[in-house]
Amino acid sequence: MRIKAIIFVSLLTISLGRLAVAQSAKSDDGNAARVAPAATAQPADSRLEGEKRFHSNCGRCHMAPPKFPPRMMATIIRHMRVRATITDEEMRLILKYMTQ
Amino acid sequence: MYCSLLLLFSVYLWGQDDAELKPVPILTGSTGYFTRVTAGTVQDAPTVSPLLLVPLGDKWLIEAKGSLTDTFAKNRAGTYNGLVSYGAAYAQVDYIANPYVTVSAGRFITPFGIYGERFGPNWIRALQVTPMTSGLTSGGSLGGMLRGGFPAGTEKVNFDYAVYFSTNNTNHIVATDRSTGGRIGFFLPGPRLEFGASFQQTLQLDRPHAAAVHFVWQPNRVPLSLRSEYVRTSGLKGSGYYIEATYQLSQVPYLRRVEAVGRGQQFLKADNLSAATIRRLGALGRDTKQGDFGLNYYFRPDVRASASYGRQFALGKNANLWTIGMTYRFLMPLASRGSVL
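Line by line, the protein sequences give chains A and B.
Its first residue numbered 0, the first sequence is counted upward by one per residue in numbering that gives the first Met the number 0.
Its first residue numbered 0, the second sequence is counted upward by one per residue in numbering that gives the first Met the number 0.
For the record, the hints were derived by calculation from the structure and aren't laboratory data.
Please note that the accuracy of each hint is not assured.
What the hints assert, rightly or not - The following label-pair restraints were derived from C-beta to C-beta distances:
1) B:A275 / A:D87: 27 to 37 Å
2) A:P68 / B:K58: 29 to 39 Å
3) B:N319 / A:D87: 46 to 56 Å
4) B:A104 / A:D87: 47 to 57 Å
5) B:N319 / A:D44: 44 to 54 Å
6) B:L267 / A:P68: 48 to 58 Å
7) B:A318 / A:R46: 47 to 57 Å
8) B:Y296 / A:P68: 46 to 56 Å
9) B:F312 / A:R46: 42 to 52 Å
10) A:P68 / B:Q250: 24 to 34 Å
11) A:D87 / B:S84: 32 to 42 Å
Unchecked claim - Taking lysine to any residue and the SDA-like style, the derived pairs with C-alpha atoms no more than 25 Å apart in a straight line are:
12) A:K66 / B:M325
13) B:K58 / B:A104
14) B:K155 / A:F67
15) A:K66 / B:P188
16) B:K21 / A:A43
17) A:K95 / B:T153
18) A:K51 / B:M325
19) A:K95 / B:I95
20) A:K51 / B:E154
21) A:K66 / B:L330
Positions of the beta carbon are idealized from the N, C-alpha and C atoms, including for glycine.
Put together the whole structure using the sequences plus the hints.
Printed below as a string of structure tokens:
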């Protein structure tokens, strides 16, 4: 019984510790956002740029598809990189936009 | 105790970072059912074209696409006869060597012009009737290919290229000619303008060559697409061009899902063809003009109904071309985990 209690307390400590670290990281991100607005502008710009590249590239041949699960989207975008010879940067931006 | 452990595990998972994005093998492709009336002859053609995509690691991709069509046509006795046809559009291995070069090997669609590689699938093409210029060159190749796309010194212009070599293959499913050639293109993302040129040299029989130029423009302010190709060959197959326009009626209430399509094309046969050659070439043995108009209705991005009417003007062979049918593009994962490597 005592061993079980020790295991339970150990697991609880590890889990809460990990959770605290994760929350701290998220909190840090939030603080960084408040301190430096430019830092959040970058992902927003990236999203807008991804949307723009998505419409200008994918719309050249077919209707804009819906967003698929991220791992499927990763396969599709690799296929389209080969078939439609889209650039490396466009592939990354479109994949990011389509998986957000 | 067990509930506590479950709770702890849940908390542990909550603290986990997102898993790395790994591509999964997928099965996609399209099915379609079309009724065609060509100069009074009715044909019904259900078709399925599955496409298997298997990513391997970070740089590899296996692509294999097949097609199966059963064409029913009414014979002179008034009964329907079915003709099953099948083929392999491509079965290739791609290696993304770096941002500038992708190496492909196997059976692939010949990189000539834009129609075969990009507008061939029935769920993509605006009109189900294929342009006559598509029959002027070898559509499939068996061998190796280098291709890629990258910014041409500025973000305002992308350059893309493809060069290939194909061997001769006489298997009826994957028949190819011994040939070489390639395509270059420029894409301006700002004005959404694209243009390029292609070349193909056949290395067998009478060794004809073919050259083509293509053009695509999608103005930013209106939902319009303009596409055009001009193909010229040195052999027996003549030359031709088409101009195609699609307009999405997205600004019209109740018609937002409708796309209107128009295409004009002209084909000029080669000079001095013998009567036997003309018979062998069929449609490519006559000077022809053709106009097509169609409507596509998108129930969803992957389900579409299409109808079109065309009029073909050829010496002694004027004909009406009607097409109506539906396409469905399917997509499903083949594994829950990531790349198999």
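Next on the checklist: So, against the hints stated earlier in the document, which numbers end up violated here?
Outcome noted: 1, 2, 4, 8, 14 and 18
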